[in-house]
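Number of protein chains: 2
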Amino acid sequence: MSATNEEERLIRVALSLMAEPGDPKLCELAAELGPEQLYRRLADPATDEPRAVDVATRLSTSDPGRALEQAQRRGIRFVMPGDTEWPSGVEDLAHAGVLSDRGGVPLGLWARGPVPLHELGVSAAVVGARSATSYGTTSAARIAADLARAGAAVVSGAAFGIDEAGHRGALSVGGITVAVLACGVDRVYPAAHRQLLNHLADHGAVISEAAPGWAPMRVRFLARNRIIAALARGTLVVEAATRSGALNTARWATQLNRPTMAVPGSVTSASSEGCHRLIRDGGACLVTGADDVLELISDSGRLPPQPEPEPSRPRDRLSLRERQVLDAVPAARTARAESIARTAGIGLSEVVHLLGRLQEQGFVDGLDGRWCLSRWARRVP
Amino acid sequence: MSATNEEERLIRVALSLMAEPGDPKLCELAAELGPEQLYRRLADPATDEPRAVDVATRLSTSDPGRALEQAQRRGIRFVMPGDTEWPSGVEDLAHAGVLSDRGGVPLGLWARGPVPLHELGVSAAVVGARSATSYGTTSAARIAADLARAGAAVVSGAAFGIDEAGHRGALSVGGITVAVLACGVDRVYPAAHRQLLNHLADHGAVISEAAPGWAPMRVRFLARNRIIAALARGTLVVEAATRSGALNTARWATQLNRPTMAVPGSVTSASSEGCHRLIRDGGACLVTGADDVLELISDSGRLPPQPEPEPSRPRDRLSLRERQVLDAVPAARTARAESIARTAGIGLSEVVHLLGRLQEQGFVDGLDGRWCLSRWARRVP
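Residue numbers (my numbering), protein chains in the order written: chain A, 13 to 393; chain B, 13 to 393.
Keep in mind that a hint or two might mislead.
Copies of the same chain look alike in the list, so a pair counts if it fits in one copy or across any two.
The calculated SDA-like cross-link candidates involving lysine to any residue, where the alpha carbons are at most 25 Å apart (straight line), are [as the list claims (entries may be wrong)]:
id	residue 1	residue 2
1	K37	V117
2	K37	L379
3	K37	V127
4	K37	R289
5	K37	L330
6	K37	E362
7	K37	Q82
8	K37	R333
9	K37	T355
10	K37	R390
11	K37	D95
12	K37	I358
13	K37	S281
14	K37	R327
15	K37	R354
16	K37	D328
17	K37	R53
18	K37	E103
19	K37	P228
What the hints contain is simulated information worked out from the structure, not anything from laboratory work.
With the sequences and hints as input, model every part of the structure.
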């Protein structure tokens with residue numbers, strides 16, 4: 013017997029109240045069994061599920077209905093699969109594997125703010141170092157403003173540095189910007205960003221996989237990064253040292269097969285090292301502005317433009333004599349070697365030899381002693 | 013009857029005195045006919061070679077023996093294929109095509125300075141904008157010094173900006189550095205670089221494809237760039253605006269299938285735009301220092317990591333029916349449509365239609381009602 017939508021919501025809230033965000037095993041079980049079966053299995057003390065004993069205790073003391081009601085009174089909603097507002101992009105996490113022991117489709121997302129999560133449209137994650145340079149924050153703000161001006165939503169965390177600059181850039185032009193937190197959406201972290209977070213809750217969206225009240229913890233940042241990457245069409249790293257958490261978000265974007273981008277900077281700046289490494293190792297496309305980002309994340313340019321292959325001119329590889337013979341081979345009909353030799357002004361035996369070489373290389377086709385340009389040769393320069 | 017080595021030298025000098033550096037047609041004829049035949053053909057007023065009339069006049073007034081002797085008195089040698097000193101890398105220009113109407117293996121190289129051209133070993137071209145920023149010149153000097161310290165030779169032009177900084181960086185640690193000029197090696201261009209060029213002629217090498225006395229002209233810079241790229245194991249662009257000549261050198265490195273590298277910089281600096289574009293479009297690897305360069309140009313990393321081409325399987329684009337027909341076309345002999353239809357188990361009229369489509373796409377060739385796989389289709393997956 014399957015739960016109704018509201019029963020399922022209570023079950024998902026209950027699971028959200030006990031499950032660590034991005035616990036890959038629980039996310040997988042939820043996908044496999046459905047939340048109701050998972051809930052039953054966890055709540056049954058007779059189960060062999062190792063987490064069950066702890067969980068049963070936590071479940072018996074949690075009251076999902078009350079939690080949901082309390083959240084709603086504070087302007088916080090619980091968005092889950094099947095809701096109109098459910099952002100379909102996060103479903104891709106089902107196939108994006110596990111990084112740092114976090115992964116999977118979230119059981120639901122807690123959200124504040126007027127922007128519906130399914131209406132982010134073309135959106136870019138703008139992430140990077142907390143200890144950014146002024147070059148980094150200026151670049152982040154400029155690119156975010158240009159993205160917002162073009163109608164793209166910005167997605168980021170709520171940290172100092174690049175995250176903050178990205179939000180402020182988007183807000184400066186009245187754009188849509190979304191903060192994804194590692195703690196509950198009712199909490200303020202860092203404390204200095206109270207005003208920024210309140211502004212986002214009034215004009216944009218503040219989202220978390222972690223239940224209201226939950227504290228920001230290291231593992232929750234790692235889980236949070238995958239939500240940022242999954243909500244956005246592509247992820248841009250503006251500045252990152254070599255061990256920056258933003259690189260984890262970039263890896264999620266790559267796992268999700270979404271465009272991963274990085275802004276270059278001075279080779280003497282430690283804050284650009286992570287970006288340079290990403291670009292050098294093929295983990296990100298180099299971008300210098302919003303135009304590059306939009307090209308990569310827009311519908312028309314969904315996939316990153318493949319590097320233009322150097323125009324290969326196969327004829328350039330031929331010797332002069334070979335080319336002389338090739339030029340004498342008719343395109344639209346066949347000819348005997350004798351006729352080609354006459355046209356080329358080259359002796360018959362050499363022409364026969366060269367025709368053989370040209371055939372080897374795919375330029376001509378010979379059938380029953382008659383020769384013509386290959387289809388391929390007719391098309392290549 | 014073939015010329016002795018010294019006869020060939022005089023012939024090559026004679027050709028060098030009349031040929032524009034990197035004239036692709038003359039380089040090709042020299043490779044095809046050998047310099048002696050080319051010389052005879054050009055010198056014979058009865059030939060049908062269109063250049064011959066001009067050239068015969070020029071040849072009759074040139075005295076290669078005297079030119080060589082004069083050069084030698086001024087410490088200038090003429091290095092040519094077959095000489096121990098001939099740098100084998102330039103031979104790759106035979107297969108590197110033509111850019112901006114310049115190309116081909118040089119007939120010879122004029123050289124000053126104690127460094128033998130075949131002993132450059134692991135070497136890197138360090139090139140870039142004349143109007144470089146201090147970030148660019150500092151980066152170029154630092155990377156060149158680190159390359160030289162690691163035993164790698166630096167190759168560049170002799171312009172202000174990045175070229176100069178590269179030479180100075182290598183010289184600052186007593187490294188080997190080589191200037192390739194667009195004018196004769198006895199000329200000083202730019203004039204302010206008299207001291208630098210004299211220093212290079214005393215401690216490194218100054219090289220040109222252009223004969224002594226020849227003036228620097230635009231087309232000679234384009235020809236010169238290919239020599240820089242061909243002498244070095246890889247080419248590094250440190251700073252370049254979008255229309256910088258250094259990008260031409262980078263393209264030569266790519267044509268030569270050697271590592272092409274670029275240093276990133278601020279996205280607000282016009283002097284880095286060309287570098288960023290190269291990296292973004294896959295035309296260069298991002299490098300931040302000499303270690304990255306050495307990794308790419310050393311023997312262990314001889315070839316640049318090619319951007320993995322999307323495995324192109326032209327057959328995947330075919331419809332199921334087209335593939336059925338294609339599978340029924342014999343590879344090693346021709347067949348009539350009736351026989352192909354029987355093998356494919358598809359009606360004749362549809363087979364004839366599909367064979368036409370397959371021919372359009374280059375998979376099959378039809379001649380006189382008989383069909384076979386095209387050479388190309390036999391080779392593609």
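Results of checking the hints against the structure:
1. With identical chains, the CA atoms of K37 and V117 are at most 25 Å apart within one copy only, with a shortest distance of 11 Å there and 63 Å across copies.
2. Within a single copy, K37 and L379 get their C-alpha atoms no closer than 36 Å, and across copies no closer than 34 Å, so neither meets the 25 Å cut-off.
3. Proximity of K37 to V127 under the C-alpha cut-off of 25 Å is found in neither arrangement, the shortest distances being 31 Å within a copy and 65 Å between copies.
4. With identical chains, the CA atoms of K37 and R289 are never at most 25 Å apart, being 32 Å at best within one copy and 43 Å at best between copies.
5. In this assembly of identical chains, K37 and L330 lie within 25 Å of each other by CA distance solely across copies; the values are 14 Å between and 41 Å within a copy.
6. With identical chains, the CA atoms of K37 and E362 are at most 25 Å apart between copies only, with a shortest distance of 22 Å across copies and 49 Å within one.
7. Neither within a single protomer nor between protomers do K37 and Q82 lie at most 25 Å apart by alpha-carbon distance, with minima of 29 Å and 83 Å respectively.
8. For the homomeric pair K37 and R333, the shortest alpha-carbon distance between copies (13 Å) is at most 25 Å, but the shortest distance inside one copy (48 Å) is not.
9. Taking CA atoms no more than 25 Å apart as the test, K37 paired with T355 passes between copies only; the shortest distance there is 21 Å, against 50 Å inside one copy.
10. With identical chains, the CA atoms of K37 and R390 are at most 25 Å apart between copies only, with a shortest distance of 23 Å across copies and 34 Å within one.
11. Taking the shortest alpha-carbon separations for K37 and D95, only the intra-copy value of 24 Å comes in at or below 25 Å, while the best inter-copy value is 70 Å.
12. For a Cα distance limit of 25 Å, the shortest separation of K37 from I358 across copies, 19 Å, qualifies, whereas the shortest one inside one copy, 52 Å, does not.
13. Proximity of K37 and S281 under a CA criterion of 25 Å is satisfied in neither setting, with 40 Å inside one chain copy and 48 Å between copies.
14. Only between protomers do K37 and R327 lie at most 25 Å apart by alpha-carbon distance; the minimum there is 14 Å, versus 39 Å within a single protomer.
15. In this assembly of identical chains, the alpha carbons of K37 and R354 lie at most 25 Å apart only when taken from different copies (24 Å versus 52 Å within one copy).
16. For the homomeric pair K37 and D328, the shortest alpha-carbon distance between copies (12 Å) is at most 25 Å, but the shortest distance inside one copy (41 Å) is not.
17. Taking the shortest Cα distances, K37 and R53 sit within 25 Å of each other inside one copy (14 Å), while across copies they are farther apart (80 Å).
18. For the homomeric pair K37 and E103, the shortest alpha-carbon distance inside one copy (16 Å) is at most 25 Å, but the shortest distance between copies (60 Å) is not.
19. For a Cα distance limit of 25 Å, the shortest separation of K37 from P228 inside one copy, 21 Å, qualifies, whereas the shortest one across copies, 70 Å, does not.
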